[in-house]
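Since each chain sits alone in its own frame, please combine them into the complex, following the hints.
So the sequences go chain by chain: G and S. Counting along the first sequence from 1, when you hit position 38 you're at 38 in the numbering used here, and nothing is skipped either side. Counting along the second sequence from 1, when you hit position 78 you're at 193 in the numbering used here, and nothing is skipped either side.
Because the hints were derived from the structure by calculation, they are not lab data. It should be emphasised that the depicted structure is a prediction, and the values quoted were computed from it without experimental measurement. Some hints here could point you the wrong way.
[What the hints assert, rightly or not] Restraint ranges, calculated between C-beta atoms of paired labels, are given here:
#1 S/Lys129 - G/Thr69: 50 to 58 Å
#2 G/Gly41 - S/Glu137: 17 to 25 Å
#3 S/Ser130 - G/Pro82: 38 to 46 Å
#4 G/Glu79 - S/Cys128: 40 to 48 Å
Each residue gets a CB set at the ideal place from its N, CA and C atoms; glycine is no exception.
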Amino acid sequence: GENVEQHPSTLSVQEGDSAVIKCTYSDSASNYFPWYKQELGKRPQLIIDIRSNVGEKKDQRIAVTLNKTAKHFSLHITETQPEDSAVYFCAALSGEGGSQGNLIFGKGTKLSVKP
Amino acid sequence: GAVVSQHPSRVICKSGTSVKIECRSLDFQATTMFWYRQFPKKSLMLMATSNEGSKATYEQGVEKDKFLINHASLTLSTLTVTSAHPEDSSFYICSARVGGPNSPLHFGNGTRLTVT
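If we strip away everything but chain S, and leave its shape as in the complex, we get (with noise of 0.2 Å):
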């Protein structure tokens, strides 16, 4: 059980265009699901936090205008990275879990975007 789906798992896209990934929560419902960032060799980063019904809560530092995130229903969260720009390349993970806090995060298996 609990199943996360992340798609696409690799995306390519030029600058200046917007790239959306889907997280989906398979068997179960997620009220809140979280959006990391990864760069090569390091740790995972908080990025926000995904309310399904609300706004997103976005960490310091993350713009809330380049990296959308809707949670329009309790098994779906978006990311969407808009006007994207080399630097914007990285591994993008969603994560949601079964429970109250205190219970283990699911992790999707990953978008790696490049943009060129």
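Chain G extracted, bound-state conformation (with noise of 0.2 Å):
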């Protein structure tokens, strides 16, 4: 089944510099890649998503790149603000086996932005 890997546990970043989060996927059939913001003690909220039809995303301050190949993507924080700190998500949809069609969350990244 999908296994997702999620690097760095932790960042701490100062206001106004960038944010990079990486993940890794070992199910090749896997082709919908999300990333989730979640703020303490609340739900998780989807900030973009990817499909494995295109490489790129980019929405305002946020972006994610897929590597099909090379089985991994990142999301991209630019100009990070206070507001931005919070647990951030990635997950894959399981492509195979009892799992198929469900999304497997990586362990999560703690971002701290620093005023």
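Below, the structure written as structure tokens:
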């Protein structure tokens, strides 16, 4: 089945700097990769997603890149702001096995943006 | 659109009792809903997939007799934690998606369960 690895587990940046979070996945059949932001005690919120037919997607300060050959995808946040501080989860849609059609999440990255 | 409502948001119960958590899709029909469990500072662990009109599909290691899932309608799935123990204390989150597998999951607000 699918296995998703996420790094780093914690990331601290200065306001205005960029932040990059990387994930790798194991199932070559996976074709959908969303990113979620979770603030303390709240529900995960989708911030951006990418499908395997594109290599990059951008939405204002947030961008995601996908390398299907290497089976990794990354989240890029530019011009970080204190309100970007949260835990970010990557996920991959499992393409096979008992979890087919289910999202498998990475372990999360706690991002802290210092003013 | 795509609002998922989950109740209760917090519940405290005594060991040995059962607790029911409801997950509703408010503005769309969900033939499939997902139940996750999240430990403090940990990731989301898929517990089971709830299928409308049929039995839930449980992930390996999840006791189906302890975590009863019922998906009686296209807008409601329930998770019942039976004979709760302190180790069942956790954050439980349901989710659903509009459309096929390649569409985003929308999460409920989660339920903080504390078993004393």
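Evaluated hints:
1. S/Lys129 - G/Thr69: 50 to 58 Å: The hint (50 to 58 Å, Cβ to Cβ) holds, given that lysine 129 of chain S and threonine 69 of chain G are roughly 54 Å apart.
2. G/Gly41 - S/Glu137: 17 to 25 Å: holds (19 Å)
3. S/Ser130 - G/Pro82: 38 to 46 Å: For proline 82 of chain G against serine 130 of chain S, whose Cβ atoms are near 41 Å apart, the range 38 to 46 Å holds.
4. G/Glu79 - S/Cys128: 40 to 48 Å: For glutamate 79 of chain G and cysteine 128 of chain S the Cβ distance comes to about 46 Å; the hint holds.
Going down the numbered hints, you'll see the structure goes against none, and every one checks out.
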